[in-house]
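Participant: From first to last, the protein sequence lines stand for chains A and B. Counted the way our numbering counts, the first sequence spans residues 43 to 147. Counted the way our numbering counts, the second sequence spans residues 39 to 181.
Since the hints were made in silico from the structure, they are not lab data. You may find that some hints are simply not true.
[Claimed, not checked] Here are the simulated lysine to any residue pairs, SDA-like style, with alpha carbons at most 20 angstroms apart:
#, chain 1, residue 1, chain 2, residue 2
1, A, 76, B, 58
2, A, 76, B, 64
3, A, 76, B, 67
4, A, 76, B, 66
5, A, 76, A, 65
6, A, 76, A, 112
7, A, 76, B, 69
8, A, 76, A, 62
9, A, 76, A, 134
10, A, 76, A, 66
11, A, 76, B, 53
12, A, 76, B, 57
Chain residues, written in single-letter form:
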Amino acid sequence: MGGGLTDLGRFEEPSLLVLTSLADQPRHGYAIAKDVEALAGVRLGPGTLYATLSRLEARGLIEGLPAEDRRRPYRITGSGRALLRGRLERLESIARTGLARVSGT
Amino acid sequence: MIRFLLALYPREWRRRYAAEVLTHFGCERIGPREAIDLLNGALDAHLHPQWRHRGRRRHRLAAALALLAAAALLAGVAGHAPALLALALAAALLGAIALASRRRQRSRGWRWDPDDPAAGARVPRKPYDPDPEPLLAVGQLRR
Chain A
43 MGGGLTDLGR FEEPSLLVLT SLADQPRHGY AIAKDVEALA GVRLGPGTLY ATLSRLEARG
103 LIEGLPAEDR RRPYRITGSG RALLRGRLER LESIARTGLA RVSGT
Chain B
39 MIRFLLALYP REWRRRYAAE VLTHFGCERI GPREAIDLLN GALDAHLHPQ WRHRGRRRHR
99 LAAALALLAA AALLAGVAGH APALLALALA AALLGAIALA SRRRQRSRGW RWDPDDPAAG
159 ARVPRKPYDP DPEPLLAVGQ LRR
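Bound-form chain A, shown alone:
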């Protein structure tokens, strides 16, 4: 099972957004799409969303919970959380440096 997201190609950004959406609580597919739209202004179509979910599941970064009324919630795993934390810390460092440079301080 691969641990990173960089080899996911065009699914790297949706993967990061889906993991972020699942970081606080389990959500089902439609709730993930709506949360990502509210969070980042990115509208994930059903094709992209489920291609991303299947990749993350195959890598053990998320797991499907028992379906409730044909809606299966997904939960982030320990390795998914660790990977997300690493990526966000790196992004935060880049954002901090970038903002400092833009401000000229």
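For chain A, the structure is supplied; the task is to place chain B on it using the hints.
Facilitator: Just chain B, lined up with the frame of chain A:
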């Protein structure tokens, strides 16, 4: 519309996700953007080793090319892009050729051996009989 698009996904993928997608997105309006997204997803699923079905290679290639043709056709019509329409035509032609091409015989030179236990499932051809017994006797059909 969404049911038709989901039918283009591999069977294993549909078993796992189709009910969910229908529950969540079945009532949503499917515009060209969502339709292209689902077609892209179907193409991706057919090419991804996780969902690749066990059909013949030329069938998989034909399915992938048909999906590409459909996606390019939709994108070309939606965006009034002649280049995408040409791509759709080319992909559809290649898909048809892939489907029509004969599969190379893998069993070239094979002969049935009655002593070979591995050949047990094969039914041996009946030896040639130059003077077979007629199914109906001459005059049997006459009244």
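Participant: State for each hint whether it applies.
Facilitator: Hints, one by one, checked against the model:
1. A:76 with B:58: Status holds; Cα separation ~15 angstroms.
2. A:76 with B:64: 15 angstroms, holds
3. A:76 with B:67: 15 angstroms, holds
4. A:76 with B:66: OK: residue 76 (chain A) and residue 66 (chain B) at ~13 angstroms, within 20 angstroms.
5. A:76 with A:65: Roughly 15 angstroms separates the two Cα atoms, so the pair holds.
6. A:76 with A:112: 18 angstroms, holds
7. A:76 with B:69: The hint holds at about 17 angstroms.
8. A:76 with A:62: 13 angstroms, holds
9. A:76 with A:134: The hint is violated at about 24 angstroms.
10. A:76 with A:66: 15 angstroms, holds
11. A:76 with B:53: 24 angstroms, violated
12. A:76 with B:57: With Cα atoms ~19 angstroms apart, residue 76 (chain A) and residue 57 (chain B) stay inside 20 angstroms; holds.
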